Amino acid sequence: VPAGALWKGVTCVSNAGQKRGRGKGTGKKIAKDLNKGQVIGVGHINMVWPGLTAPVLRGRELIEQQALPQDPDRNKKLIKFRDEMGVFKRTKLSPMERGWSGNKMAGRSIGPPDPIGGDKFEGFDTKVLEMKSVFNMTGNMGRKKRMSVCVVTGNKRGLAGFGLGKAIDGRTAMKLANNRAGQKLMTIPMDNKTVCHDFFAQFGKTKLLVVKKPRGHGLVCHRAVKTICEAVGIEDLYAKVEGSRNLQHIVKSFFVGLIQQNFPQEIAERNKLNLVEMRKECDYYPDLLASPTNCLEDVRAYPDFKQQTLGERVVYRRKKWPPFYKTGQGWVTHLKKTLWSRNHDKVSN
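With the sequence shown counted from 1, adding 4 to any position gets you my numbering.
Derived from the structure by calculation, the hints contain no laboratory data. You may find that some hints are simply not true.
Cβ pair distances, simulated, as ranges [as the list claims (entries may be wrong)]:
no.	residue 1	residue 2	range
1	21	80	54 to 62 Å
2	83	21	31 to 39 Å
3	176	45	50 to 58 Å
4	191	148	35 to 43 Å
5	136	288	48 to 56 Å
6	176	58	57 to 65 Å
7	247	174	28 to 36 Å
8	188	285	37 to 45 Å
9	68	40	26 to 34 Å
10	301	136	54 to 62 Å
11	288	332	32 to 40 Å
12	219	280	15 to 23 Å
13	123	308	38 to 46 Å
14	334	162	49 to 57 Å
Note that this is a predicted model, so its numbers are computed, not measured. Backbone N, C-alpha and C define an ideal beta-carbon position, used for all residues, glycine too.
Given these sequences and hints, build the entire structure.
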């Protein structure tokens with residue numbers, strides 16, 4: 005068997021193995037051919053082998069097997085020759101440049117969109133949300149494979165958009181999706197690095213409930229929603245996904261909810277009532293957020309703010325069951341001992 009066939013058997017994968025997912029790194033890793041630089045019959049011990057390294061007969065003289073002087077530089081020459089060969093080094097990414105999981109493209113940054121005319125997308129950054137292979141059955145070519153890429157781009161100051169691109173090559177699909185996202189930018193209403201109010205959004209079978217959170221809460225949500233929030237500039241938010249986890253439906257439902265938000269002044273003008281906020285940490289002191297141009301004088305029923313923002317929906321919250329120790333006699337004894345200080349923590353200074 006020739007050496008080329010042996011090396012091909014070591015470094016290549018069969019067609020059946022490729023269909024099963026084996027050998028994904030074929031072509032990327034450079035295998036070292038340790039046979040290069042060596043001659044058959046010449047090794048660590050320098051010998052004359054008739055018929056292998058030397059002819060059997062030289063004239064009428066029969067050559068015999070014999071030892072030759074050692075070559076002290078042989079090993080150094082081999083090591084130098086192997087070091088000059090290509091070496092595969094795994095590209096290392098910083099923790100901030102890595103994606104969501106493993107070496108997948110989802111969650112990675114691919115830079116801003118291409119300039120349109122003389123307008124450049126300064127301050128924009130695009131991140132991949134989904135990259136998958138799709139197939140289309142055609143009449144003349146059979147099963148045709150393409151790459152589908154969904155990305156989101158934003159400047160972290162309330163301007164963002166998403167795009168979908170399909171192409172035979174993954175890089176071409178990413179470039180196409182990136183440019184489409186730059187052409188579909190939307191202005192997102194925000195209130196101090198969070199959403200303006202709680203909202204409910206739905207696209208297809210995917211339902212999304214978003215809750216406004218105070219400063220310092222962070223992003224507690226689906227990883228795709230978190231990536232979109234980072235592109236928009238939202239830092240504090242809670243989101244719950246129900247129903248289908250289709251990623252493109254999650255992206256579309258979240259953007260639908262974001263662009264349908266209302267500012268406090270718009271809500272006050274629509275209801276013709278003053279919009280007042282009362283917080284527990286402020287001891288429920290009323291804070292006037294917005295006032296309409298023409299206010300109603302006779303109001304019999306005040307509309308619920310959350311009912312309006314959630315589209316007349318009520319959030320179901322499970323009952324919090326008491327701990328197991330509250331059913332025993334020891335808990336009753338504890339309540340009797342701490343009866344004198346039972347409401348001290350609820351009294352404001």
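Now the hints, each set against the structure:
A hinted range of 54 to 62 Å for the beta carbons of residue 21 and residue 80 is inconsistent with their spacing of about 39 Å. Separation of residue 83 from residue 21 is about 34 Å and conforms to the stated range, judged on CB atoms against 31 to 39 Å. Taking the beta carbon of each, residue 176 and residue 45 are about 52 Å apart, inside 50 to 58 Å as hinted. Checked against the hint of 35 to 43 Å, the C-beta distance between residue 191 and residue 148 comes to roughly 38 Å, which is consistent with it.
A beta carbon spacing of about 50 Å between residue 136 and residue 288 agrees with the range 48 to 56 Å that was offered as a hint. For the hinted restraint 57 to 65 Å between residue 176 and residue 58, the CB-CB distance of approximately 59 Å keeps it satisfied. Here the CB-CB span from residue 247 to residue 174 is close to 29 Å, well matched to the stated 28 to 36 Å. At about 39 Å, the beta-carbon gap between residue 188 and residue 285 stays in the expected band of 37 to 45 Å.
Hint check: residue 68 to residue 40, Cβ distance near 31 Å, so the stated range 26 to 34 Å holds. A C-beta distance of roughly 59 Å is found between residue 301 and residue 136, which places it inside the suggested range of 54 to 62 Å. In this structure, residue 288 and residue 332 meet the distance hint of 32 to 40 Å, their C-beta atoms being roughly 36 Å apart. As the Cβ distance of residue 219 to residue 280 is approximately 21 Å, the hint placing it in 15 to 23 Å holds.
Judged by the Cβ atoms, the range 38 to 46 Å given for residue 123 and residue 308 holds: they are separated by roughly 44 Å. Remark: the range hint 49 to 57 Å for residue 334 to residue 162 is upheld by a beta-carbon distance near 55 Å.
Consistency note: the structure conflicts with earlier hint 1 alone.
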